[in-house]
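Q: If you want the building blocks of each chain, they are given just below.
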Amino acid sequence: QVTLKESGPGILQPSQTLSLTCSFSGFSLSTSGICVSWIRQPSGKGLEWLATICWEDSKGYNPSLKNRLTISKDTSNNQAFLKITSVDTADTAIYYCARSGGIAHFDYWGQGVMVTVSS
Amino acid sequence: DIQMTQSPASLSASLGETVTIECRASEDIYNGLAWYQQKPGKSPQLLIYNANSLHTGVPSRFSGSGSGTQYSLKINSLQSEDVASYFCQQYYDYPYTFGAGTKLELK
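First to last, the sequence lines map onto chains R and S. Quick note: the first sequence, position 24, residue 13 per this note's numbering, numbers continuous. Numbering-wise, this note's numbering comes out as the position in the second sequence, counting from 1, plus 64.
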């Protein structure tokens, strides 16, 4: 059974760095063809893809967030991570992690974690 | 970036009715398209991938079609549990992009 669960700080202040963790089970990020991605959704709005990391450590980033994103993984502990630097109120959203089989659709999603940026 | 234009933004339909949601890509995405259902307070769930393949466990009243730049999701015999928002997503190329969503309500 594939499950993913996101965790994060809940609330942080503008200009701080947001660190998110995706803990998963039922698959391994060392298996050929497997990737984990981060997607976010501001309240009542649409979905925005942020970043993807794959089994062979290839990475893809949304250029709209320029150089603020860093995605990484800990294969041994079945975790993936996302850091977003210099957060602003516009980064307030629910953050999801999701699995895909390579450059493909997201077949399993976590429940999401709410992140609020506020002074 | 590939832009995904989804229509309509909202839709009201009766139980048992057939509804269709459309998505247009700004360039050919070669069937690299998925449809997701999102119920209030829940995460998105995969319905359709590769434009027309039904994900495991998804009822057969859901179907996807299309090619090139034009794609559609059809729901036959609408059920009350289908009330949700629906999103298309292209994964042909980075950055992955989503349609703005369609909110489906019961009439």
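Derived by calculation from the structure, the hints in this document are not laboratory data. Treat the numbers as computed from the prediction; the structure is a model and nothing was measured. Note that the Cβ used here is the ideal one computed from N, Cα and C, for glycine as well. Treat the hints loosely; a few may be bogus.
Derived Cβ-Cβ restraints for the label pairs, each shown as a range [what the hints assert, rightly or not]:
#1 R:S47 - S:T120: 25 to 31 Å
#2 S:A77 - R:T59: 39 to 45 Å
#3 R:L54 - S:H119: 35 to 41 Å
#4 R:S107 - S:E81: 42 to 48 Å
#5 R:S53 - S:A73: 21 to 27 Å
Q: Is the gap between the beta carbons of S107 (chain R) and E81 (chain S) within 42 to 48 Å?
A: holds, 43 Å
Q: State, for the Cβ atoms of A77 (chain S) and T59 (chain R), whether the hinted interval 39 to 45 Å holds or is violated.
A: Check passed, 44 Å falls within 39 to 45 Å.
Q: Using the Cβ atoms, figure out if L54 (chain R) sits within 35 to 41 Å of H119 (chain S).
A: violated, 29 Å
Q: Does the Cβ-Cβ separation between S53 (chain R) and A73 (chain S) fall within 21 to 27 Å?
A: holds, 22 Å
Q: Would you say the C-beta atoms of S47 (chain R) and T120 (chain S) sit inside 25 to 31 Å of each other?
A: For S47 (chain R) and T120 (chain S) the Cβ distance comes to about 26 Å; the hint holds.
Going down the numbered hints, you'll see the structure goes against just number 3.
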